[in-house]
Amino acid sequence: MDLENQKRVKDLAEEYGPENIVVLLGASEAEASGLAAETVTAGDPTFAGPLTGVSLGLKVYHVCEPEVKAEFDEGVYDEQVSMMEMVLDVDEICNEMQSIREQYCKY
Amino acid sequence: MNSIIKGCGYILVHTPDMVVHNGTTQTTERIVNPDGDYLKALPSHLRTYEQALHYAPNQTYIGNMTPDDLAEMAQPFYDKPVENAARVGEFGEIMPEGEFYLLMQAADVFDLVHLDKDFVAATKPAFAANNEVITEDIVARIKEGDELSHIEHLVNDEHAEGLYLDDKLVGCVARAHDIDVNLTAHIMHENLVSKASSILALLYAVRNAGIDKSEIEYVIDCSEEAVGDMNQRGGGNLAKSAAEIAGLSGASGSDLRAFCAAPTHALIEAASLVKAGTYKCVAVTAGGSTAKLGMNGKDHVKKGTPILEDMVGGFSIIISENDGVNPEINLDMVGRHTVGTGSSPQAVISSLVTDPLDRHGMKILDIDKYSPEMQNPDITKPAGAGDVPLANYKMIGALAAKRGEMTPKDLGNFVAQHGLTGWAPTQGHIPSGVPYVGFAKKDILAGKIKNAMIIGKGSLFLGRMTNLFDGVSFVIQGNTGKDEANSGVSEEEVKSLIAQALRDFASSLMAE
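So the sequence lines, in the order shown, correspond to chains W and X.
Sequential numbering of the first sequence, starting at 1, is according to my numbering.
Sequential numbering of the second sequence, starting at 1001, is according to my numbering.
Honestly, the hints are just simulated from the structure, not real lab data.
Not everything, but these chain W residues come out facing chain X in the computed CB check (under 10 angstroms): (1) 4; (2) 26; (3) 31; (4) 32; (5) 35; (6) 46; (7) 47; (8) 48; (9) 78; (10) 79; (11) 82; (12) 85; (13) 86; (14) 87; (15) 88.
Only pairs whose alpha carbons sit at most 20 angstroms apart, straight line, appear in this in silico DMTMM-like list of lysine to aspartate or glutamate: (16) X:1298 - W:44; (17) X:1298 - W:31; (18) X:1409 - W:91; (19) X:1402 - W:89; (20) X:1363 - W:79; (21) X:1409 - W:85; (22) X:1303 - W:31; (23) X:1302 - W:44; (24) X:1302 - W:31; (25) W:7 - X:1029; (26) X:1409 - W:89; (27) X:1298 - X:1029; (28) W:106 - W:67.
We treat Cβ as the ideally placed atom computed from N, Cα and C, and that holds for glycine.
Kindly produce the complete structure, drawing on both the sequences and the hints.
This is the structure in structure tokens:
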């Protein structure tokens, strides 16, 4: 995850409390989604950014996961996300996200 | 009368030592983790010139292989050296690092590039050998050279940026000012690399267009470096600076910056300037980026692949008045990502692909080839970024399926028929849409395809001025003739036909 984004996630978690933060991802691959999710839960696995060694344990979802999709207005989702839903390997992404949440999510 | 694509130059420079000394992944690592495993492992992952030369995506970039040849190869490409590889191809060449240092000196007009005299003596004959492109006036700019001790002094005591060959110091770029942070040796090095690679691309584009250098009236540089001092950091005109050394004595020029989308913006502007009659012949040009060398190096080392981001890229495309032969840029079919478009991939692709097509009553399948971000998947896949062109084709195909032009089952076929396998180095602006322009020109002239859409996209957030996304697109099509009045239907005729149709419709309603 981009170092600047790590810093923003860290600052927001400090300002509002980690229990009040949900990180929403839109990465195009399961591996990239998993890495980003790991960064905001267990800490930066690349040991490069501000979240190195910082386990925020935030709630983190990919925009294509059913829990998130259910929160959207159908029309907006169709206009903004449905094309990518056809393109992405949604099952693989969901499995990866779930696995990261089960391991590291604290909330 | 539409502007046409007169000629294209595509060049690469193999720069393994610049990977180590100038790529930001490596320079950052030297600050934060100087004794780490990555920097220790890096040298054993660097490719030789021969390896880079025989690398299929590089041979494709300079036109010795076609995108179809590349698509037939199994991935990854790095472990499958191609036979019949050559340094010079139809579009340009792959220059070795040592010779490029000489070109950097030729590009330098402020005595900033210093080279070891033994190195110059050993390298100059090879540099001057390709006299069709590297003309005498350029060779004449190479100085005899300095004692190595002087270069060592500049690097050790005067903050000069070293130039290395096989990890041995052979030259340096001196700082251009003692305190101005925009004229440091690091920045002068970065700008001179961009300038020199742009010059090489311009020289090949002129050769390939078969025109005289004096015919070029305007040059637009669309690279990603900022040229200026502390009072005007991005003051610019790398374009005119490169044109000077390339010998384009009749050219003025200016720089255009828009991150990775810049080349497509620049081509649209060049085509517009020519169509408007402002200039008859405009060159769009860009050199490469040292900062991006080895950008994904950590992943490449971790996955056991060579460092594949060891190439500085450059391209130049010459746009001229309609000659009745060469493919045209259709400016009536320009796609734009606007301030109000939004940043979801769906909104982006719609604005760039379907909006311009809809305006012309065309369908996604009516465009034979799409050229979006043409990054080489060998580089991006080990870095977890996937196959970037493929992801783009899937998005365009998914949009076609959503619009009912095909079924989702046809997606695979769509990618194979309307897509390309990426071959461009990950140099930001270099892979962005433009690598295919040379092949599109050829394929349209050969009747292999009738049109192609070039799509440039840019991530503006990197400059921290806006979170907006950016992109533009245009369509290249076969030549419709010099004289538009004789080529098809005029706007007036279309209006009168529509009016007639409406009158007929109204009278049929009244009759009912």
